[in-house]
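Chains A and B are the protein sequences, given in the same order.
Read in this note's numbering, the first sequence has 109 at position 109, and its numbers run on one by one without any break.
Read in this note's numbering, the second sequence has 197 at position 197, and its numbers run on one by one without any break.
Calculated directly from the structure, the hints in this document are not laboratory data.
Glycine included, C-beta positions come from ideal geometry on N, C-alpha and C.
Misleading hints may appear alongside valid ones.
Counterexamples of contact, computed for chain A against chain B with all Cβ distances above 10 Å [unchecked claim]:
hint, residue
1, HIS87
2, ARG103
3, ARG126
4, GLY174
5, ALA257
6, THR264
Computed beta-carbon distance windows for the label pairs [stated by the list, open to error]:
hint, chain 1, residue 1, chain 2, residue 2, range
7, A, PHE14, B, ILE178, 30 to 40 Å
8, A, GLY16, B, TRP248, 53 to 63 Å
9, B, LEU6, A, GLU286, 44 to 54 Å
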Amino acid sequence: MTSTLTISRLTKAFGGVKALTDVSLAVAPGERVALLGHNGAGKSTLMKVILGLIAPDDGDISVCGAAPGSAQARAQVAYLPENAAFHPALTGLEQITQYMRLRNLNPSGAMELLGRVGLAGAAKRRIGTYSKGMRQRVGLAQALIGQPRLLVLDEPTSGLDPVSRRDFYELLDGLAADGAAILLSSHALTEVEARTDRLLILSGGRMVAQGTLPDLRREAALPVAMHLSAINGYEGDILAALPGAIRVNGALHLTCAQDQKLATLARISTMTDKIADLDVIPPSLEDIYSHFSRRDGQ
Amino acid sequence: MIARILATATTEIHIARRNRWVLIAVLLMVAFSLVLSAAGSAPTGVLGADRLSVVVASLTSLSVYLVPLVALLMSFDAVAGEVERGTLPLLLTYPVARWEILAGKLVAHTAILVVAIVAGYGAAAVVAIAADPAALAGLGALWRLTWTSVLLGAAFLGFGYALSSLARRVSGAAGLAIGLWLGMVVLYDLGLLAAVVADNGGLFTTRIFPVALLANPADAFRLFNLTAAHATAAASGIGGAANAIPQWQSLASIVIWPLVSLVLAAMAFRKGEL
Numbered sequence: 001m002t003s004t005l006t007i008s009r010l011t012k013a014f015g016g017v018k019a020l021t022d023v024s025l026a027v028a029p030g031e032r033v034a035l036l037g038h039n040g041a042g043k044s045t046l047m048k049v050i051l052g053l054i055a056p057d058d059g060d061i062s063v064c065g066a067a068p069g070s071a072q073a074r075a076q077v078a079y080l081p082e083n084a085a086f087h088p089a090l091t092g093l094e095q096i097t098q099y100m101r102l103r104n105l106n107p108s109g110a111m112e113l114l115g116r117v118g119l120a121g122a123a124k125r126r127i128g129t130y131s132k133g134m135r136q137r138v139g140l141a142q143a144l145i146g147q148p149r150l151l152v153l154d155e156p157t158s159g160l161d162p163v164s165r166r167d168f169y170e171l172l173d174g175l176a177a178d179g180a181a182i183l184l185s186s187h188a189l190t191e192v193e194a195r196t197d198r199l200l201i202l203s204g205g206r207m208v209a210q211g212t213l214p215d216l217r218r219e220a221a222l223p224v225a226m227h228l229s230a231i232n233g234y235e236g237d238i239l240a241a242l243p244g245a246i247r248v249n250g251a252l253h254l255t256c257a258q259d260q261k262l263a264t265l266a267r268i269s270t271m272t273d274k275i276a277d278l279d280v281i282p283p284s285l286e287d288i289y290s291h292f293s294r295r296d297g298q
Numbered sequence: 001m002i003a004r005i006l007a008t009a010t011t012e013i014h015i016a017r018r019n020r021w022v023l024i025a026v027l028l029m030v031a032f033s034l035v036l037s038a039a040g041s042a043p044t045g046v047l048g049a050d051r052l053s054v055v056v057a058s059l060t061s062l063s064v065y066l067v068p069l070v071a072l073l074m075s076f077d078a079v080a081g082e083v084e085r086g087t088l089p090l091l092l093t094y095p096v097a098r099w100e101i102l103a104g105k106l107v108a109h110t111a112i113l114v115v116a117i118v119a120g121y122g123a124a125a126v127v128a129i130a131a132d133p134a135a136l137a138g139l140g141a142l143w144r145l146t147w148t149s150v151l152l153g154a155a156f157l158g159f160g161y162a163l164s165s166l167a168r169r170v171s172g173a174a175g176l177a178i179g180l181w182l183g184m185v186v187l188y189d190l191g192l193l194a195a196v197v198a199d200n201g202g203l204f205t206t207r208i209f210p211v212a213l214l215a216n217p218a219d220a221f222r223l224f225n226l227t228a229a230h231a232t233a234a235a236s237g238i239g240g241a242a243n244a245i246p247q248w249q250s251l252a253s254i255v256i257w258p259l260v261s262l263v264l265a266a267m268a269f270r271k272g273e274l
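Put together the whole structure using the sequences plus the hints.
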């Protein structure tokens, strides 16, 4: 399957400061990919290079089979900037009408589009009177115009309430099902986990990890934590049987490597008459993310 | 292409209407035109010209200042405002060329200028013709003044877009626009006058001065309208030099300057990353 977006060995520096170093990635049609990274990790720069707004110093980029920023690429790519801004004197309807006409589409669908993002009631009010979340939705509406083959969304859910976020991801699911490739950046790991197919982690301008969450979990090989509560009086026995366990706030905490997990559980299961309860806590998304984003460049 | 230019133009007209630019431009032109036509009604008997032709001569002097000012006020925000609001990066990811964006803005701003100029000159003409039916003879001069005013405005719209692209900040673009207006419309003439006086009929006056007048669209505009109307006697100052320069030259300057300034604007807007 040909990728909608292919980047190989992309490098970009601003006055000697490297913003992106040797970044390679691909996004296939129908794939939803999350781009994670700290502020300043290079997410927005990468997106602007993909959009042709800034030129790379080195590397090859193919956007829908064309050069980034070419007329052919722009006709098939939709973009939602971080903190989408619009002229405050225009109404939502006028703004979307303009964008539809710029894509050579009949603007009669503008109202329906605003309805899809929940702005039908405010369509004829000036954008200057909108809240941040409403402006973000105008941004979403314009990104849905036409049938973009690639959507580049820079923190699309910032400023949206939880219900709107869910609606937003449902819209994305529909677009992906129709074959659109989606690249979105986010800080909200728990949110993108369930809603994207693959994660990319940028740190200090380098791609430090990419894969599905189970892939990354395996690759990070972070220890698993286990919390045990002993039946009264048996704490000593358990501590003796499980070297490495420590007492924390009346419970027993134990960590073990991923590949020791089953062996450790087997040992614990021999003491079921001494243990009241057991919690197995896998490394959290934040732990995995920190693991990768600290590994490089810091 | 045309559809994209018109889409941008429609948006710009919405913005100008909301921001009261249309109203301000029309009121400025109408108010000043009416004041001038009232003030300019006195010398008709002395000059033997019809009343409207005299008004046209006064309007020419007024428009040299006012039309560039209104054009620059509308255009200085065009690019810098989009940069500062953060709306430009998104716009540039659309399948629209940068020159098409400028062309859309130009269409809208020129349309507003046309409305303001027609309203202003029209009001002055109505007053003149109502007072003296013989003033109908001056309609040709008024028509000439109207289309040359639009071209003058277009030239300064182009300058405004170019400065706006170069400054990339609204405050900077506003400063540059005011500076350009002062320089080209006010100080340029003062400088030339001073030089002519100092030169006292020498090489500067005969060779450089006519070229210097043609090199400035505002002066070329004044020159063309005054020579065409043979109304130089009604005007003072630089108008006196008008007879020395063939009319086709000032006409060429008026036509070429909008093209030059718009090409400059397109070039200034083309470069620059976001």
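*Would you check whether the claim that ARG103(A) is not at the interface survives, using Cβ distances to chain B and the 10 Å cut-off?*
violated (7 Å)
*Over 10 Å to the closest beta carbon of chain B is the bar; see if HIS87(A) clears it.*
violated (6 Å)
_For the hint 53 to 63 Å, verify it against the beta carbon of GLY16(A) and that of TRP248(B)._
Cβ of GLY16(A) to Cβ of TRP248(B): about 55 Å, so the range 53 to 63 Å holds.
*Is the gap between the beta carbons of LEU6(B) and GLU286(A) within 44 to 54 Å?*
holds (50 Å)
_Verdict on THR264(A) as a residue remote from chain B, using beta-carbon distances over 10 Å_ = holds (52 Å)
*Does ARG126(A) sit more than 10 Å from chain B, CB to CB?*
violated (7 Å)
*Given a hinted range of 30 to 40 Å, is it respected by the beta-carbon distance of PHE14(A) and ILE178(B)?*
holds (33 Å)
*Please settle this one: ALA257(A) was flagged as non-interface, so is its CB more than 10 Å from every CB on chain B?*
holds (46 Å)
*10 Å cut-off, C-beta based - GLY174(A) kept clear of every residue in chain B*: holds (22 Å)
In the structure shown, a violation is registered for the earlier hints numbered 1, 2 and 3, in ascending order.
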